[in-house]
Every structure is written in structure tokens, then in C-alpha cells.
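There are 4 protein chains.
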Amino acid sequence: MGILNFKQDRPLDLIGLGRLCIDLNANEIHRPMEETLTFTKYVGGSPANITVAAARLGLSAGFIGKVSDDAFGRYIVQYLLQAGIDTGCVAVDREGAVTGLAFTEIKSPTDCSILMYRDNVADLKLSPADLDEGYMSKAKALLISGTALAKSPSREAVFMALEYASKHDVVTFFDIDYRPYTWTSALEAGIYAKLAAEKCDCIIGGREEFDLLELAMGHPLKQDDDWTAGHWLKHKAQLIVVKRGGDGSKAYDRSGNIFRGSTFPAEVVKTFGAGDAFAGAFIYGIMQGWEIEKAQTFGAASASIVVSSHSCSDAMPTADQIQEKIDRWTSNQLIG
Amino acid sequence: MGILNFKQDRPLDLIGLGRLCIDLNANEIHRPMEETLTFTKYVGGSPANITVAAARLGLSAGFIGKVSDDAFGRYIVQYLLQAGIDTGCVAVDREGAVTGLAFTEIKSPTDCSILMYRDNVADLKLSPADLDEGYMSKAKALLISGTALAKSPSREAVFMALEYASKHDVVTFFDIDYRPYTWTSALEAGIYAKLAAEKCDCIIGGREEFDLLELAMGHPLKQDDDWTAGHWLKHKAQLIVVKRGGDGSKAYDRSGNIFRGSTFPAEVVKTFGAGDAFAGAFIYGIMQGWEIEKAQTFGAASASIVVSSHSCSDAMPTADQIQEKIDRWTSNQLIG
Amino acid sequence: MGILNFKQDRPLDLIGLGRLCIDLNANEIHRPMEETLTFTKYVGGSPANITVAAARLGLSAGFIGKVSDDAFGRYIVQYLLQAGIDTGCVAVDREGAVTGLAFTEIKSPTDCSILMYRDNVADLKLSPADLDEGYMSKAKALLISGTALAKSPSREAVFMALEYASKHDVVTFFDIDYRPYTWTSALEAGIYAKLAAEKCDCIIGGREEFDLLELAMGHPLKQDDDWTAGHWLKHKAQLIVVKRGGDGSKAYDRSGNIFRGSTFPAEVVKTFGAGDAFAGAFIYGIMQGWEIEKAQTFGAASASIVVSSHSCSDAMPTADQIQEKIDRWTSNQLIG
Amino acid sequence: MGILNFKQDRPLDLIGLGRLCIDLNANEIHRPMEETLTFTKYVGGSPANITVAAARLGLSAGFIGKVSDDAFGRYIVQYLLQAGIDTGCVAVDREGAVTGLAFTEIKSPTDCSILMYRDNVADLKLSPADLDEGYMSKAKALLISGTALAKSPSREAVFMALEYASKHDVVTFFDIDYRPYTWTSALEAGIYAKLAAEKCDCIIGGREEFDLLELAMGHPLKQDDDWTAGHWLKHKAQLIVVKRGGDGSKAYDRSGNIFRGSTFPAEVVKTFGAGDAFAGAFIYGIMQGWEIEKAQTFGAASASIVVSSHSCSDAMPTADQIQEKIDRWTSNQLIG
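First to last, the sequence lines map onto chains C, B, P and S. Heads up, the first sequence stops at 336 in full-length UniProt numbering, and the numbers go up one at a time, no gaps. Heads up, the second sequence stops at 336 in full-length UniProt numbering, and the numbers go up one at a time, no gaps. Heads up, the third sequence stops at 336 in full-length UniProt numbering, and the numbers go up one at a time, no gaps. Heads up, the fourth sequence stops at 336 in full-length UniProt numbering, and the numbers go up one at a time, no gaps.
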């Protein structure tokens, strides 16, 4: 048995919960958005990307979210279905909400920015009443995205979902996923992310995202991965993953182990989606019962594939593609 | 002298006021938006389109509006400048407003729809304090778009602009431009559009748009162009133009004349932008001192060119292109 | 026939439209509110006060407004009914609005202030759909209060009511009644008050209130009663009344006449309500067909009675009480 | 040592946090509010009442809250100071918020209702930035009121205050204090009250208030005090108090003890304030290190005094008054 205790008799492996939006990626890259002419449409949002990644790797996946009652909302549901994701719990807003948009501007591989449309978005209208306890009880794991905490009633839906998950022994992954533009202040984000993190089994975030949780603890930031892991492993969490960008990832368990994941070389088109690709493949590995380091390697290889492509969700690789990447890199290193 | 008394010594011919937004037109046409993949970006918004049309025809033009403080806002200003439009009175919002978006879905030439993003948009943040009386006093004419009346403080900016225009004998064109999604109700739209119409020299609208003004008069709709014109010519207006789509246009003056404008054949890609092309070329003609019917013909020819193309603002033709269209059609008819 | 042409065959003399609220007047006067202990409850709001004044003088009166669905709303309706005012067109809000409150602090006769509760108030929820054209057509006159213009949908209800009034030859009195706390800015107030004033037969306001209308004209304030009257008499208005506090009132007609009204001595308890008492009695006089100066005298006497008492609405005098005040003063002066 | 571990070296005994408002109690009782004429002004709000009660009993008390920048806000601060409560951490709102109001209507001793003004109230503008960690570290105990969770940013201020309390070993009392009118739904209230309750040392509430917390657990309500106490004593709480109105109170500790508190007879004027009086005196008793049942008796006697009077805060008794009530009742019973 792995580090997290998945109820093996459940029909659904993973349910994602939270943001479903549209990415509009500039086709003309390496220039400011004033000079781009055309955009390509993709499904986006961190939990959507991670769930698509997991489904592409073969997990049985579902989603809990809310979409707008328009062409974009219908497109999102259709895309998830085509990716093999159950959408029975994707509600449709009837109050005039819109789909969140993310226009991406790729000035250079290391200088990307996003222009967001987050006013009156459907994903943040998900409410506790949209949840189906029976549905959740059929899943091995639930992935919560921190952006779903940004506003009511989505914020309350997250806490209610965590309650159902706890009641039915659904393993909870929490991707902190901090996006400043949806919050009033970093402190507000930290306060709610901390409350959610206290109720999750595995917390995944970047260094700055873990700092955010510390903001809400009322002490000067320690910015120390070991302290961070030590703190959170005293709560419900069994596994803490700190993503460190180009420096790879560090995973901590309750036995005091530290697992270090490296990165793979890539011809970087843009950095968007790296974290989601990592998380999707890492969760897949953990749910296969793999050693933690193997899951980290799988995550890093997936990330290196996604940053070399133009999209996020659409570029999520299959297990074979990831393995091929790993094998090629390993043989290169042997030769070198 | 023409029907409207333009102060000929003014350096600016026409100032547009109101909506500046981004059109994202689906490149894959004749299918629902769920199936489109890419979009091309254009500057949009009825008064923006009309002002671009006028500038392309050679009028000296300026704009009064507000844009977002982001790549889209900068793109709009840059586009207007390249079109030869003065942007000295285009303010930049500093409160986090976004640029309005219009995603167009072209299912067939006659079945087009628009998915709008109008929450928290910069154009409706234009306030009376953003106006510059001195700037307005330098113009022969002002074009007001009805959508600028949809919310405060833009609504108040319109009434203040009309006050300055009246004080400085600037001729005012009012394009009713009713877009239901920005209003609480049709009656609300009608009430403010009526208040603005009472203060304008030339009112341009579709039959349904003039009906809207009647809603606010508290009587059953008459839906009669002659009654409409008769009513409005008793106020400040000297010229009433009813656009009737495929049936052409009707213009009325205070002498009891009715001028009928026909339409030009076109291979219609989409119907968006036809009204703006007509208005831009019609206003141009009126400002040249042309006979009203000649201005109507010019407007109709321009509309026929725009509906055959993929965009609105970008497709606005030059005077030569319009004249060529008219000449070809005239000779065709002679031959036929 | 008097200066304003009232349709004499109408069953209702005057309909008030606008604010209905509760005044809570400190019983312990001449001290700051921190030290007051108890408050007495009265119906308040400028148009309510004026309509009560008119009804007490014997006019057949009605009211168009909206009250909260609670004890305060029911109290207001009950009070109006007891004052003999028809409340058939006083709607009840069903969306959780509250009754506006005005806590008055009477530090000294000349230093009074008001602490207002104006968030989510029922009176500003009056909408065009709440109006009954048939009801309005039964009235000789309509009194509009400027505070009803402060927010949508009440703002639109005012413009719609003015449309019905115009259609049915109902004489319109406009009391500018500027209350800064309900507006975003003085300019916003000025813009809408000006639009309404252009459609009224008689405009009543203080010097500062007429200045407000000038703010919206885009020129430096002239602060000149003669200019003010001259300007407005070029619109629909037949009668302009400038209230000058202790200096009395000035009324102007289209024939170039200026009528000066003086004031009456009073033991002033508080200055609140003086303007409403004046307006109620002045309108009464005008509707009796009196000479303008006689109506001004009647208004001034009524004001002197109200400022000597603790309340506004409740203290509105009868015609006999006003006449007695006038007679006593006249005989005093003769003796003196 | 008592059941809760108070740091005895702290200068402040108790800090209240949350609602500060004005009660306006009808002077004419036993009739509907439509018929009341005058109101008397008192400081109100559950945590304000409890803190006043504690101060009157001799505790060294402070308050963390926010008041409006007007006469009512100044009155509240002045009243707290006169009651001996430190107001160094009562912030003043500068954004135009008002003081919450509660008009009480006492139709009969058992039929009281409240008309609330809770739009844009200052108390719910308390933000995490208004908190002073140093101040909190000087207190033995913190009293949190559930109404402070009703809206942001006050909601976040509560969670931040609980964090500081935990960090500095400040004992936390949580009074659920559910007031439906400030919440979107009972479920929303339950979700946040549950999150706060999980972090408190002593939870005090009525049966229906504990039901609210269960709503957020996703199971049918058990409505069973024993189950309730058992559940909450598995979290941080050491002491659970269920108030049962006329049936007295039940207190539970972690050793499995159940303490039953009875009630005292009273000539009931109104039932408002009974719970706050109980809580104030109960907390006082607990902080004196008394047996739990003695604290319950003290609380019940205080409640019986307050329900016999016209106000809440102002009627909070001294320790002598409570003791006298207890002694009189005891001797009556002995005689009887």
C-alpha cells in the first residue's frame, strides 16, 4: 500500500473540482499582445488541466464545477467528455455568468503573461447545493484547486466537498494554485487556503504558495521547505510536495523522508501548464502505488512535454509519451 | 448649405463617443462556436467602427472614450492612431476595468450571434470628468452611441457631452445602437435613449430601435416610420434616418421630404457591421454637403462591402472603393 | 385662471412622488447626539412632508412611492391614510429593502445635523412598472422630489412619470431637494436634476440647488437669481421659485415679474421642514388660484409654524392656523 | 485549576470581538411597532453585551471591533469606556459604513421581534489588518461572536484572531450567535461557524445553533445534545454549553460529565439579552475558577435580571445583584 490510502473498490479514480475556463493562446508568439492577430481556443483552468492530464494517463476521472449557459460553457463540457471525463456533476449557471478567459501572451519562453477575465465567472458560482454526496462517495480521490476558494459560493462548496470527502474516506489533493487577480489580498487568500490545507491529505504548491499559507499564521515568513513540510505533516496531510520550478520538486512524508525530483530538458515555448502537467502525472503515479520518486520523475517528464507545446490541456501526454521521454533522456545520459 | 449646419472653421470633423471594444471573430465560419478553433482580433464597438469608417473616408476624426490599462486597451489606442484618429481624449481606466469583448459566431450569412463580455468594462467608466470642453469645441460634429447610456458614469458623460455640444454648436448624431445585454430592461434603455434623442440633431436607428424610444412614451407602439419622424422632428432633430435592413433606409427632414435609400447586392459573410458602415459613410456624405439620397447610396454601398468581409472596423472602405462599388452596380444595371 | 393651467375636472389635486422615510428626532435637544437618549418617530421625506402639508390644508392628495415590507413601511402607509392621502399607488417592496431613516440632532436652533440611513432603501426601488398611467391622469398636479432621481430604478420612474404627466396635462412641480449623501457627486445630481427640470412647469429650490443645475451646464456658476429664472423660463417652466432661507423667497414668471416673499418671526427649535412647509402651502395657494405673493406669504407663515415645533410632517398646520399666524403678525406690525 | 487553562499573568481578562451596534428599544411596549412612538437608544450586539456584562462583574475587558465615523460610532466607544472596557482596538471605519441598528418591538413578553438595519455596517468591515497581535497576547481569553463571520473582511478577521489566540495560548470562547438576516443561507452560516468552532476552547449556543453546525456536516440533523457535545469535544473544545431557553443549560466536559443549569423565575419584559447575560456571567464564573454548575447558576440568575428590564447592555447586573437574586430565590425555595 502506498503512502495515501485509496479505497480501491471505488469506480472513479479522481474527481477534479474548481475552475473551468477558456485559454485563448496567441498564435503569433514572441511578441507583445498588441501585435498578435489570432488566438486559439483551449479548455483551461488548473484543475481542468490536471484532470485532463489524469484522464489521458488512463485514470477514470470526473469533474465538479459550473459552466456558463453559452457556447463556451457547452464547448467545455464537450471537451471534457471527449477527454473521457465524467461531467454528470458539472452544473450549468442560469444567472448570466460567463466563462472565465485567459488570454496568453508569449513574449519569450521566460516572459509570458496572462490577461484574465474573471468578473462574474461561472466557475465561482459553484455552490454547496450543486454538490452530490453520492457522487463523491464513489471516488478514490478528490483534487481541490485553491482558486475555487476565491469567492462565495464556490468557497463554501470547497469546504462542503472537503466535509463529504472526509466522511467517505476520499483522499484529498490540494493544489494551492494561487492566482492573485481573483483575491482581495494575499492575506485573504492565505487565510482560506490555510483552512482548506488543514483538511487535505496531500498539499502541492510552489514555494511562494506555501509562503501564502504562512502569511495567515501571523509570523514572519520562514521560506524553508523543511519547516513547511514539518508544519503541515502535523495536520491531516501525509504528503507535502513543494514545486521549485527549474530546481525540480521536493516531496516529504511523515517518516521524515525527503524525495527530490529533478527536471527534464525541453525546448520551452511557454512555461504555462508545467505545474498542472506535473501534478496530473504525479497524482497518477501516486495512485498507481509507485514510489514517490518515480511519480516525481513521471511528473517532471510530463511537464517538459507540455512546456514545449502551444497549449496546456490539449498537450497533456499519454503514459507512453511520458515513458518515451524518460527513456530517451536516460539513454542520452548513459551515452553522454 | 446642407440640412445640418456644420461650423466649417473647426479643425476636427467628427468626434465619436462611447464603446471601444475588441471583436474576436471566429475564423472557421458557418459552424457553431463550440466547433470553432481560432479567432482573429479586431477593434470593435459601434462608435469605434463608425469613426474608423469616417476617418478612412478622409474625415478628420477624434474619439472620446475609456480603455483598460492592459494590452487590449493599448492595442485599441494604437489601432485608432494608425487609422488616423486623434486619441488625445481616450482616457485610461486605472481601477481594474477590462476591455469589452464580442466573440462572433457566424453559423450562416443570416444566422450570426455574439457572445459578449460586458462586466466591468472600461468604456462604461467614462465619466463627465473625463470630458474636455475645449476639445469638443474644436469639432464640427459629435457622434453619440446609445450603448454609452447603459450605465453610470458613462451615462452622465453622454448628457454632459450633449450639453457641451449644444453650447458650442457642435452638430450631434445619435446612433441608438441598442444592445439588450448591457441594460436592465428595454424600458430603461428607452427612457435614456429618448432623453438623449431629444437633444440631438440627427437620429439614426433601426425600426426596433425607434420603437424602443416609443416604449418610453407610454403609449402602444405605432411602428410607423412617418409618425416616428414626425414626432422627432418636433424636437431638436433636423434629420431622422430609419434603417430597414434589406429594405434600405428612409431619411426625413423638416420640410416633409422622405428620401429612400436602396441596398447593394453582396456576397454576405455576416451581417455585423452593416449598420456602422452605413452610418459612417452616410455621415461622411452629409458632412460633404451632399444631397441626402447620395449620402444614403454611399452608406448602402459601404455596408455591402463590409458584410462581404470578415471584420467590421478593419473592412471599412475608402471613398474610392465605395465609388467603384456604386459605379459597377450602376453599369451592371444599365447593361442588365 | 392662474399662472399654471390646472385641469379643474380632475378628482385628485396633487400627487406627491418620491421619498417616504422615517424621521427619528432626538427628544433631548440642544446637545450632541452622543448624549441624546430617546427619539420620537415621524413620517418624513420631503415629498411626504409636502403632500401631508397639502392634505392638511384641504387638497385632495395621493402619493406614488415604495415602502418596505415591515413595521416601518406599514406605519408610513397608515400615517398617510390618517392624513387623508390616497395610498393606492404606494407599492410595497418584496426584495428586502428597508425604510430610509433620518436621525436628527438638534444642537442649537441653527446647528442641526442629520444622520441618514440610505443603503438599500425602499423609496429608491420605485420603478417605472410601479406607475399607473390611469392614476396619474386623474390628477391636476404632480410633485416630483429631486431625491427620487438619485438611483435606478427610481430615477427612471421619475422620467416615466414626467412623460405621463406631459401626456395628460398634469401640472408638474419640481422640488430640487438636493441631499448629497444619496449621490455619487454633485455633478451627477446636477445632470439628472437638470434633465428633470427641463420637463417641469414649476421649479422650486434654494440658491445652492439652482447652482447644482448650473453645474451641469458646463459654465462657471452665475449665482444670480435673475439669470436662473430667465434660463429656466425658456424651457417648459412657467414659474420659478428661489427659496433664500431667512431672506424669504423670490418667484419669477414669464411676463418678467419678480414676486418677493418675506419671512415670519418664529421661536426656532430646528430649521428642518421649513422648506417643505413653505412648498406645501405655496402649492396650495397657487392651486387655489391666488396671487403669487399671497401664496408666498402663506408658505412663509407655514414654515414659521413648523420650525417652532419638534417634527416636520406632524407639525404641518391647517389653513386656519396659518391664517391666524399671518393675522397676528400683521396686527403686531400695525401696532408696532 | 479549572477546566480551561487561563494564563494568569495576563493584564486583560477577556477581549470581545465582533458586532457593536445600537439597539433602539420601543418605550411603548406590548403593541406592534406601527403604534410605538418613541425609542430609547442602547449599545447592543451580542459580543458587546457579553463584554459589558463581564466588565460589570469586574473582569478587566477590552474589545476588538469597528465603528462608524459618526455620532453613533462615537456614542458606542464612549459607552464602552464608561463601562470600563478598553477600546484601544476599536477601529473607526472611514469608508462611509453605518452603525447597525436593531429596533425592538415588544408585543408581549413572549412575542418580540427585531427590525434590523445591517446594510453596509461598520462592524462587518473589521479586517485582519485591524488586528493587533500584541494586544491579543495580553489577554487570558477571547470571545468570538458568530455574527462576525457573516461577511468579508470581518470573516477573515475572525480566522486571523483565532490564529493569534492559538499562537499565544489565549482561551477562546465561541458564541455561535446565529442571526439569519446577515447570512445568504443557513448552510453558509453553518459552514463558517463549523470552521471557527473547530478552533475554539469553549462553544456556547442554543440547540438550533448547534444544529446549524451539523448542517455543514452533510448528514441529517441528530438534534441530540449528547451527540453534539461528543462530536465537538473531539476537536479543540474542552467545554460545550447548550443553552435550552426555559429549560436551562447543559454543559459537557471531556471527562464525560454533564452539568445541568436551571433557570430563575422572572417578570419577563422581553426575552432579548437573556443569552448574552447568561454567557457573560458564565464566562465570569469559569474565569474565577468556579465549578461549572456554579457558573451556570450565576449565568441563569443574570439572565433572569436582564429579561425583567427594558435594555440589554445597560441592564447587565453586578456580582452583588446576581448574588442577591440567587440568595433570595434559594431562601424562597427553602421557605416554600
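Everything labelled a hint here was simulated from the structure, so no lab data went into it. You may find that some hints are simply not true.
Think about it this way: if two alpha-carbon atoms lie no more than 20 Å apart in a straight line, the pair counts; the simulated SDA-like pairs of lysine to any residue are [to be verified]: (1) C:K167 - S:K234; (2) P:K222 - B:S166; (3) P:K107 - S:K234; (4) B:K138 - P:S309; (5) C:K234 - S:D69; (6) B:K167 - P:D169; (7) P:K222 - B:Q223; (8) S:K194 - C:W227; (9) S:K138 - S:S166; (10) S:K167 - C:I3.
Partner residues are not named here, just some residues of chain S that face chain P (Cβ under 7 Å, in silico) [as the list claims (entries may be wrong)]: (11) T38; (12) D69; (13) Y75; (14) V77; (15) Q78; (16) S108; (17) D111; (18) C112; (19) I114; (20) Y117; (21) D119; (22) G256; (23) N257; (24) R260.
Label-pair distances were calculated between CB atoms; the ranges are [unchecked claim]: (25) C:G84 - S:P220: 44 to 50 Å; (26) C:D119 - B:S166: 51 to 57 Å; (27) S:T184 - C:E133: 19 to 25 Å.
Built from N, CA and C at the ideal position, the CB exists for glycine as well.
Satisfaction of hint between S166 (chain B) and K222 (chain P), Cα-Cα up to 20 Å: holds (19 Å)
19 to 25 Å as the expected CB spacing between E133 (chain C) and T184 (chain S), which holds or is violated: Given range 19 to 25 Å: holds, Cβ gap about 21 Å.
Chain P contact restraint on C112 (chain S) - CB to CB distance below 7 Å: Since the shortest Cβ distance to chain P is 12 Å, the answer is violated.
Hint check: 7 Å Cβ-Cβ cutoff, S108 (chain S) to chain P: With a closest approach of 15 Å, the S108 (chain S) hint is violated.
Restraint satisfaction for D69 (chain S) [CB to CB of chain P, less than 7 Å]: violated (11 Å)
Hint consistency between K138 (chain S) and S166 (chain S) [alpha-carbon to alpha-carbon, up to 20 Å]: At roughly 13 Å apart (the allowed maximum being 20 Å), S166 (chain S) and K138 (chain S) satisfy the hint.
Pairwise hint evaluation, D169 (chain P) against K167 (chain B), where the allowed Cα distance is 20 Å at most: violated (30 Å)
Y75 (chain S) as chain P interface residue, shortest Cβ-Cβ below 7 Å: holds (4 Å)
Residue hint I114 (chain S), partner chain P, criterion CB-CB below 7 Å: violated (10 Å)
20 Å Cα cutoff - pair K194 (chain S), W227 (chain C): violated (28 Å)
Closest C-beta approach of V77 (chain S) to chain P relative to 7 Å, hint status: At 9 Å from the nearest chain P Cβ, V77 (chain S) fails the 7 Å test, so the hint is violated.
Chain P contact restraint for N257 (chain S) - C-beta distance below 7 Å: Because about 45 Å separates N257 (chain S) from the closest Cβ in chain P, which is outside the 7 Å limit, the hint is violated.
Of the numbered hints given earlier, the model fails hints 3, 4, 5, 6, 7, 8, 10, 12, 14, 16, 17, 18, 19, 22, 23, 24, 25 and 26; all others are met.
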